[in-house]
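Listed below are the residues making up each chain.
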Amino acid sequence: MPDLLLVENLRQIFGGRNQTVAVDDVSFRIPAEPTIVNLVGESGSGKSTIARIILGLLHPTAGRVLYEGADIFTRDRKWQRKFRGEVQAVFQDPYSVYNPVYKAERVLRLVIRKFGLAKSSAEAQTLMEEALRAVDLRPEEVLDRHPHQLSGGQRQRLMLARVYLMRPRLIIADEPVSMIDAGMRASFLNILLDFRDSHGISTLFITHDLSTAMYLGGEIIVLYQGRIMEQGETRGVMQAPQHPYAQLLISSIPTPDPRRRWEEDLSTGPLAEIELSAALERDRCLFADRCPQVMKRCWTARPKLGPIEGEGDDSREVACYLY
Amino acid sequence: MAALLEIRGLSAGLQGRRSVTEVVSNVDLDVQSGEILGVVGESGCGKSTLATAIMRLLVPPQVLQSGTLTMNLKDGSRYELLNLSPRALRELRWRHLSYIPQGSMNSLNPVLRVGRQMTDTLIQHGLSQAEAHERSVAALQLVNLEPRLLDSYPHELSGGMRQRVIIAAAVSMRPALIVADELTTALDVVTQRQILQELTNIRDELGATIILITHDMGVVAQIADRVAVMYAGKIAELGAVNGIFEAPLHPYSQGLIGSIPRESGQRIAGLPGEAPSPWNYPAGCRFHPRCSKVFEPCSEYEPGLRTQGSGRWAACHLYDAEVVSDA
Chain R
205 MPDLLLVENL RQIFGGRNQT VAVDDVSFRI PAEPTIVNLV GESGSGKSTI ARIILGLLHP
265 TAGRVLYEGA DIFTRDRKWQ RKFRGEVQAV FQDPYSVYNP VYKAERVLRL VIRKFGLAKS
325 SAEAQTLMEE ALRAVDLRPE EVLDRHPHQL SGGQRQRLML ARVYLMRPRL IIADEPVSMI
385 DAGMRASFLN ILLDFRDSHG ISTLFITHDL STAMYLGGEI IVLYQGRIME QGETRGVMQA
445 PQHPYAQLLI SSIPTPDPRR RWEEDLSTGP LAEIELSAAL ERDRCLFADR CPQVMKRCWT
505 ARPKLGPIEG EGDDSREVAC YLY
Chain Z
680 MAALLEIRGL SAGLQGRRSV TEVVSNVDLD VQSGEILGVV GESGCGKSTL ATAIMRLLVP
740 PQVLQSGTLT MNLKDGSRYE LLNLSPRALR ELRWRHLSYI PQGSMNSLNP VLRVGRQMTD
800 TLIQHGLSQA EAHERSVAAL QLVNLEPRLL DSYPHELSGG MRQRVIIAAA VSMRPALIVA
860 DELTTALDVV TQRQILQELT NIRDELGATI ILITHDMGVV AQIADRVAVM YAGKIAELGA
920 VNGIFEAPLH PYSQGLIGSI PRESGQRIAG LPGEAPSPWN YPAGCRFHPR CSKVFEPCSE
980 YEPGLRTQGS GRWAACHLYD AEVVSDA
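Residue numbers (the numbering used here), protein chains in the order written: chain R, 205 to 527; chain Z, 680 to 1006.
Keep in mind that the hints are not guaranteed to be accurate.
[Unchecked claim] Cβ-Cβ distance ranges computed for the label pairs, FRET-style:
1) R:Gln223 - Z:Leu885: 50 to 58 Å
2) Z:Ser786 - R:Leu314: 34 to 42 Å
3) R:Arg488 - Z:Glu813: 34 to 42 Å
4) R:Glu345 - Z:Gly805: 57 to 65 Å
5) R:Glu345 - Z:Ser989: 37 to 45 Å
6) Z:Ala767 - R:Arg488: 52 to 60 Å
Since the hints were made in silico from the structure, they are not lab data.
Ideal Cβ positions, reconstructed from N, Cα and C, are used throughout, including at glycine.
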């Protein structure tokens, strides 16, 4: 059985004269069995660009995206239509995705009609109510409301209800919880876990917030300046990151425990030096200038992503000369 | 010793055509000199309105309804912030009282060099050009930026560096009190950690007092000394950070702390329901419709913020002495 999604040597370069390499030779897979894959990185690490390419919204400069073994950019319209049904997006801003004059009911009915999900109006009603309950919304409370009458958390879950109607195989969720409150966040993440466990829906979860990735579990891919630094099982990576960047990132999560505060002072010396000269040579480890364990060879060639030994996790791969 | 800032009975709201809708209700709070006080709560709970009210920067339709704000400085001077003339207030702000609003890292003027933007304010406050330059350099060093950044334009700086410039500008007059609203929300975790550590250094070196408004419980746990938990415009609980995180008293604080993801594979329920908007704050305890421990008095009358010993305060009928003795 082919992988659900296979991303191969993806590269995305923006701009003409002052080129920006947003995605730099990224490959990963989402297996056929239901999984959650977390794609994490700081702003500018290329994670949203990868999402847009996978959704077919952006043609990559180089590389391929295979969905069930088929290249998403070379297939005919009929195939693309099926693909659009099976791969659904949930974006960051729950305020801007809705047409402000459509009530929630119309948002859902449109999907049912476009994709011919119901034969009668009554059946459509049943489908809508089922979808809303699947995301912990009460149909009578939301169906007759306009988007501005719903809270951020409700809007984001309405988006999931819409996705649920389609019964996709994969959800591409780009920072879906960064604009909703902590209390609501857990319930949104639980829905994604339920989708995986009860409905076989996989999620590519894109976030800068490592604590949500940790909660979701599954696999994790750590990006830095468009390259994968480390990947593996979320739990293992969070507990024992190997790449110095992943170590820095994970140790910088503000732990919600006042008895476990940051100890060493991270205040770096010549910060300005580094950030102002961002357009350096890319034929090196891009983390070299911030790495506490930097060696000579880190500056001269790009380290390859490869497996490391002794971590008890076959999937763990790190792009670092230390290993 | 008197608290640096004494907030008493502060209420602020939104002016409607016929009436005022209360957003922040009757807040009593003492901010101690030299502390970092974290103010937390969900969006819409009145955190930012409280901050702008303290700074006297409410803009219509926001209105201040009642209350007093007293600032006691180390030199013994005392200011009633709500009675000051606009001119006296302008004098006080920045010199003794600094505000870093939400999203302020995007408020630098794009066509002026950073140095000009920092020194302008200082010169306004009576410093000479040379003194202003010296102060700006010192302030940049506090946030680990090189003095030569004074010559750059905002677009040449990363988000983290712009946020540091704003912090440097805010502390350049060595104010006694800094109110920072969602200071690190838009930044990645590594930069966030550096900036929070710099903020702690600023407190240690300048002896400044900091009110840090945030929705991120992790940030509060890392750097705050005390925490005020706000819900629907009121303080639900107040106390030392360790106590609040280890044994929160108010069911809302319990829910807030309980909904922090900690470990993979361990499901948490989160907080059911939504925070009410100021137009429909429930009668009685404003949290009672979402509360798992709701009982009789909760829907009838509002609990006051009562002391629970060892510096802890909670506004919840579960801890009302009278109710317990009645039962």
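Here is what the structure says about each hint:
no. : hint                            : result
1   : R:Gln223 - Z:Leu885: 50 to 58 Å : violated, 44 Å
2   : Z:Ser786 - R:Leu314: 34 to 42 Å : holds, 40 Å
3   : R:Arg488 - Z:Glu813: 34 to 42 Å : holds, 39 Å
4   : R:Glu345 - Z:Gly805: 57 to 65 Å : holds, 58 Å
5   : R:Glu345 - Z:Ser989: 37 to 45 Å : holds, 42 Å
6   : Z:Ala767 - R:Arg488: 52 to 60 Å : holds, 57 Å
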